[in-house]
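Based on the sequences and whatever the hints tell you, model everything.
Protein chains in written order, with our numbering: chain A, 253 to 370; chain B, 615 to 1655; chain C, 3 to 234.
Keep in mind that the hints are not guaranteed to be accurate.
[As the list claims (entries may be wrong)] Below, in silico cross-link-like pairs of lysine-lysine (DSBU-like), each with a Cα-Cα straight-line distance of 30 Å or less: (1) A:Lys369 <-> C:Lys5; (2) B:Lys713 <-> A:Lys369; (3) A:Lys357 <-> C:Lys5; (4) A:Lys369 <-> B:Lys1037; (5) A:Lys352 <-> C:Lys159; (6) A:Lys369 <-> A:Lys356; (7) B:Lys1194 <-> B:Lys1480; (8) C:Lys5 <-> A:Lys352; (9) A:Lys352 <-> B:Lys713; (10) A:Lys356 <-> C:Lys159; (11) B:Lys1396 <-> B:Lys1480; (12) B:Lys636 <-> C:Lys159; (13) B:Lys713 <-> C:Lys159; (14) A:Lys352 <-> B:Lys636; (15) B:Lys1396 <-> B:Lys1567; (16) A:Lys356 <-> C:Lys5; (17) A:Lys352 <-> A:Lys369; (18) A:Lys357 <-> A:Lys369; (19) B:Lys1567 <-> B:Lys1473; (20) A:Lys356 <-> B:Lys713; (21) B:Lys1037 <-> B:Lys636; (22) B:Lys1480 <-> B:Lys1567; (23) B:Lys1480 <-> B:Lys1387; (24) B:Lys1387 <-> B:Lys1194; (25) B:Lys1567 <-> B:Lys1478.
It is worth saying that the hints were derived from the structure and are not from the lab.
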Amino acid sequence: MAYIAMATGFILILIGLFGALTNRNILRMIVAFTVADTGVNMVIVAIGYMHGRTAPILDVAVSAAEAAARIIDPVPQALVLTAIVIGVGVTALMLAYTYKLYEKKRTLDIAQFTELKW
Amino acid sequence: MVNALYIIVAALTAAFLLGMLKEERRATAYAITLATLAFMTWISVSWVWAFAQEGAAPVEIFTAGAVPPFAINLRMALPEAALTLMVNLSGLLAAIYMKDSLFRLGRSAMAVFLVAVMAYCGIIMTRDIFNLFVFFELVAISTAGLVLLSEDERALSAGFKYLIVSQVISIFLLLGIVFAYHATGTLNIDGMANASLGLLAGGTISFFMMFIALVAELKPFPANGWALDIYESAHPSYSALFSAAAGTASLYAVDKLLLIGGAEWLPMATGIGIVTFIASSLLALPQTNDRRQLGYSSIAQMGLVLVVLGQRDILGDSTPYIAFGLLVSHAVAKAGLYWISGLVAGRELTDWAALRGHPLLIFAFVSFIGMLSGLPPFPSFYAKWELVRFLAGEGRIALLALILFGALVEAGYLFRWFGYIMKRAAPAEPISCTPHQVTAVVAAVAAGWALGYLWGDLSGRSNLLLVLPLLFALSFLLLDWLPAWVKNTLAIAGMLAFFAFTFAEYDPLRLIFAVIILVGGAIILLASYDAHGRRVGFYPAAMLMYAGLAMLIRATASFDFFAAWEILTVGSYFLILRGKQSEPHALSYIIFSLGGAFLILTGFALAAQGAPQFDIASLSHLTAPLAPWVFILLAVGFMTKTAAIGLHIWLPGAHGEAETDVSPMVSGILLKAGLYGLFVLLMTMGKQQLYGVELTHVMLWIAALSALLGNLMAIFEEDAKRLLAYSSIGQMGYALFGLALMNHLGWLMALMFVINHYIYKSMLFLAAGGVAKRTGTRDMYKMGGLITLMPFSFIAVLIGIIAVSGVPPLSGFGGRWIFYNAILSTDYRLPLIITFFAGPIAFLYLFRLIHTIFLGQLKDEHRKIKEAPFWIVLPQMIYVALLMVVAIFPGIVLRRVDTYLNQFFPEGGLNWEGLEISSNYGYWNPVAIMIVVCVIFGTLFAWLLFVNRKAQKVKQFNIGFSAERPYRPETTHFAWNFFAPYRKALGFLVQPFVTRFWGALTDFLHTGADLSRRLYNGNGQTYAFHFIAFVIIVFFVRMGV
Amino acid sequence: MVKSFSVLVLLLGIGAMFAALLLGYVPDSELNQTARYYADKTASETGAANIVAAIVVTYRGLDTLGEVTVLFLSAAIVGLVLASGHQQGKMRHAQPPSGELLVIGVRLLVPLILLLGVYVFINGHLTPGGGFQGGAILASAMLLLLLGDPLRTFSHKLIAIVESISGLVFVGMGILGIFYAGGFLDNRVLPLGTLGEVFSAGAIPIIYSFVGLKVGAEFSSMLANLSGTEEL
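This is how it looks when you write it as structure tokens:
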């Protein structure tokens, strides 16, 4: 199970990177990055999974005493929370920049923004 | 002490508070921002104080009431305290500087700024790898936001490109962190280090991903296009912060990561670092945009410090001293330069010529490029010394050579820039500065000098800022507002006083040099009384050069010697740059000199074999196979200063174009520094062999060729001062020849040369300068017939050329006599012939000098000129007197030296009996010769006067000619192309091969750099591609190795 | 064409790296030391039933603080970026009125969504969810409002105040932890209560609630800024 999720995550990352590196339209690049970020998050979540165990919540099903034997690794879940939020923040920022860039040059082609070079 | 966590807490509280303020209350918001930054700085200061002065122990700061690895922890120790101090202080100064921009954008921008500074501190203090990632993301976002502070519209696209690349970086970082967590079971850096990540499954790859992501933040070549765009377009104060703080924090993060990876990853860090350093230094060469060039320089410096981190295995406990020294010099200098760039209106390098009217800014600029080039007394100088000695001690010569090459290139373009500032036309727009901006710049300069003092104290050797000659020179910076004559008097008094105090300490050899440098320098300074006004900048430069020279002859340890060498190089560069047309010549001078200095540095480091420094006298203890290499390195280094053939192309321009009173200084005194070094070298190391080749024999050949070619090139010169400069090359060849003979008389002759050459070259340069002042030109074919109008100059030149040519009765003859004696006792025949040949050739140009200037026909425009100014003539007359004295009583100078030399060469000395001197081959009686010559001269002169009474006077224009009017008037002047027949016969010997060689080398570097920089084509997607390609290449190199 | 090919080659290299990681990956059979500690000690040390919430808010609270700051920065910068062209109150293009289904649906759903969001972050320490998730749900309600009426504006002042106060409360709770408990962001400044109650786990529900409000406010601010941009 973990292997499937991890492999999917890696494939998503590769697809995302491919999209980001080959599409010239900025909005498509941003979407591709979102895909890649999702892939990364999938991989992170997949790391913590242990076969036959359940969520790290202490309630009727899992009491505090038997937690260590019953739950999966909670740390990657905490990490992925942070990672998702950071990804959202960066995406929002990139979208705002895209708007401003379009406002200036009326194009979404990344190859047109090369005034700074060499 | 305050819990260091408050650095982060305070910043966040203030940032959130700012969100609550009304948009209009900008002043309040700004005040809160500054207060918070000041508070953060104060915390760092108190911790640095605690660690440095009170010896406090490092503190682990726990959070959440749990211990690591179950909660995040921060650390505060000396490195963290110092680094956060750097970050906070630069943040505070940057915020002060960009008050206007912050006001324009409002409280949101100020909040982002605060968070940025806090994030850098967080990176430095945290011990948890995921926390590191979060802080890095904060940095990324705030960077993207803060580029908006710029007034440059292109900053937007720069920020966007940065976001693209940082997305890719964070992908790798996250994956690496998570897999590393899976392997080790902890997210704590120290915990991961203990778990030996490399041995665990997937450990290498996950470490590699984390490593490469953090290294990418350091902007390695070629994955750094985005950084250059930010540097170029962002607000200069933000670029200052970005350069100083971001680089610092990222470097420390990489250092922490290397803890996890272990020693096997150090070579990788070194490799990436050195490639970045060299590539960025080279790519900076063709830049014309000032901020972009500073960006390349920043990236290069980061690469250099990465190399230092990668050499941790041999540097051990000295790593912080070296890394910090380089880092802090770079941070202060780069921030300062960016802040100055905000004051200059244009963006071309040449637009900085607007700085010329502001001495304070010039001083700041010079301090900053000194810090970046590793010149004394700044921290990077001490750091460089330490780094080189460790590398040489461990035999990592290739790395050392690469580092020094990169450093030379960097110094090259920085000094080229300084040349633009001083020499190019000032642009239309002047400097605009507000008090805020000036505060930041001044603070940076003060910090740089204070840190230089601190590093000197920490070095365990002499603190250069406490050495008297250097302090004396620096005091002239403060006194620069005084009129020139006051400073001149102070300078002369100071030099003579120093000589009087230290007189007893010198052995006879050094005494000669001391007399020439201090007393001789004072005499030349007499000519400077001729100047009017304040002559800003002359005295600090000149005194710096003399300070370096004075320190040089007193140095017994290698470190002091090298420091003195660099000081005199820098001082003389500033002096030479003052000439009107000197810009390219001064640049080639400093590059050759620094190149030579680096060779000397390497030689000393190799000789030290890992020790911090050594006594120069112990060079004699060196044995093969090390000794010949050290000999070669030191010898070539010294020969760049004496302008031996092959390394001579800077001299004619530098000495020829220099000011009237500067040429004697550099030609008469400065060249002797190289000779002094060679003396010391040969005294201690003696003869050396490399692969069966006798090295002093090679030196002999070089000397002979220098003598011949230098004199040959002189005879074809039209410019009087250039002629004298080429003559210096030839004369130095003679002196070198004497040294290389390695016998008693050869050395005696060399020493005699040192004295004689100083006297007559200074005299000739002053005379030429005086004539040039009055006639307005240096071209000899435009002069003529000046004997009646400038009699004193004529006498000086006459005596001078008699002395130079070696004709009796003057001291040159004595030198020749000793020289022939010296050669006869050896069996080097061919060099001997070449050097003999050089003698009459020298006479050719000397004759030209006097004939074309003083004899012949007086030109119309020169009918009314007066004798050269009094103060320029006075030293010349002193020299004439001195020459006479030395000619008649050479024993005054030579006797003690002769005895002193007995300890090196027991045989072959001269016998001094009363007024007569004899050697194995003959005898010489100076007094008798003088009397004989005077009698003969007097008789002939009297007869000539008698015969002349019946002569018919012919007026100047009593000539007639017919036919066409020439198109180039100079072709009819007899003095133009004076030695045309010789040029036809011997001209092939003076083809500018060497000039073409060096020119081709620099062209190659420039063209290569220009082509390579097309890599950065401005497309953000391409930059992301570069980064991924970089990752793949490094990965496969790592796997393959 | 060349570009796609070279990108493919690069990604093959990266793919090789990933494959190596994937093939070398062996899932744990037992919890590692960190996870084990959390599994055993969370209930007694923090009193929270949701272990992930305890980690996020307390044990790794500094990360969360950083994350919250990331959002704060993003919202602020989006505001900065878009403000320079943004003209308040300008005549916007007249939009066709939203469909009646949408308008009624919005009126019905928004309160429910808001309620869900508030529930999620208040119960963050007991059930899956927490401040970020709740905040995102709140923001989605705002988005629905915006979709229903594109000309609607939110009060930026209110959003700013909510953001700042929430942030200050978060930091303030953390500082209280230094003085009254074990360290920065220790949640034991408030009584731990009994496991499974709403009012338990010390400061976690308070912090998480404010985080939820902050996140909701920031996302709304970003949405509002992006929505307020002109049609180009």
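Okay, the hints, checked on the actual structure:
1. Pair hint A:Lys369 plus C:Lys5 holds up; C-alpha atoms about 19 Å apart against a cutoff of 30 Å.
2. The straight-line distance between the Cα atoms of B:Lys713 and A:Lys369 is roughly 29 Å, inside the 30 Å bound, and the hint therefore holds.
3. For the hint linking A:Lys357 to C:Lys5, the alpha-carbon distance of about 24 Å falls within 30 Å, and the restraint holds.
4. Taking the CA atoms of A:Lys369 and B:Lys1037, the gap is about 28 Å. The hint holds against a cut of 30 Å.
5. In summary, the hint linking A:Lys352 to C:Lys159 is supported, as the alpha carbons are separated by about 23 Å, within the 30 Å threshold.
6. With a C-alpha separation of about 19 Å, the suggested pair A:Lys369 and A:Lys356 falls inside the 30 Å cut-off, and the hint holds.
7. Proposed proximity of B:Lys1194 and B:Lys1480 is supported: the alpha carbons are some 23 Å apart, at most 30 Å.
8. Between the alpha carbons of C:Lys5 and A:Lys352 the distance comes to roughly 27 Å, so the proposed pair stays at or under 30 Å and holds.
9. With a C-alpha separation of about 25 Å, the suggested pair A:Lys352 and B:Lys713 falls inside the 30 Å cut-off, and the hint holds.
10. A threshold of 30 Å between alpha carbons decides the hint, and for A:Lys356 with C:Lys159 the separation of about 28 Å falls inside it, so the pair holds.
11. Taken as a hint, the B:Lys1396 and B:Lys1480 pair is honoured in the structure, with Cα atoms around 17 Å apart against an allowance of 30 Å.
12. Distance check on the hinted pair: B:Lys636 and C:Lys159 sit about 9 Å apart at the alpha-carbon level, within 30 Å; holds.
13. Straight-line distance between C-alpha atoms of B:Lys713 and C:Lys159 comes to about 25 Å, which keeps the hinted pair within the 30 Å bound.
14. At most 30 Å may separate the alpha-carbon atoms for a hinted pair to count; A:Lys352 and B:Lys636 meet this at roughly 25 Å.
15. The hinted pair formed by B:Lys1396 and B:Lys1567 meets the criterion: a straight-line CA distance of about 24 Å does not exceed 30 Å.
16. For the suggested pair A:Lys356 and C:Lys5, the alpha carbons sit about 27 Å apart, so the restraint of at most 30 Å is met.
17. A C-alpha spacing of about 20 Å is found between A:Lys352 and A:Lys369, which places the hinted pair at or below 30 Å, so the restraint holds.
18. Restraint check: the Cα-Cα separation between A:Lys357 and A:Lys369 comes to about 17 Å, which is no more than 30 Å; the hinted pair holds.
19. Among the hinted pairs, B:Lys1567 with B:Lys1473 is consistent with the structure: their alpha-carbon atoms are about 18 Å apart, no more than 30 Å.
20. Using a Cα cut-off of 30 Å, the hinted pair A:Lys356 and B:Lys713 holds, with the two alpha carbons roughly 27 Å apart.
21. With a C-alpha separation of about 50 Å, the suggested pairing of B:Lys1037 with B:Lys636 is violated against the 30 Å cut-off.
22. In summary, the hint linking B:Lys1480 to B:Lys1567 is supported, as the alpha carbons are separated by about 24 Å, within the 30 Å threshold.
23. For the hint linking B:Lys1480 to B:Lys1387, the alpha-carbon distance of about 10 Å falls within 30 Å, and the restraint holds.
24. With a C-alpha separation of about 13 Å, the suggested pairing of B:Lys1387 with B:Lys1194 holds against the 30 Å cut-off.
25. A distance of roughly 21 Å separates the Cα atoms of B:Lys1567 and B:Lys1478; the hinted pair therefore holds under the 30 Å criterion.
Checked against the numbered hints above, the structure breaks only hint 21 and satisfies the rest.
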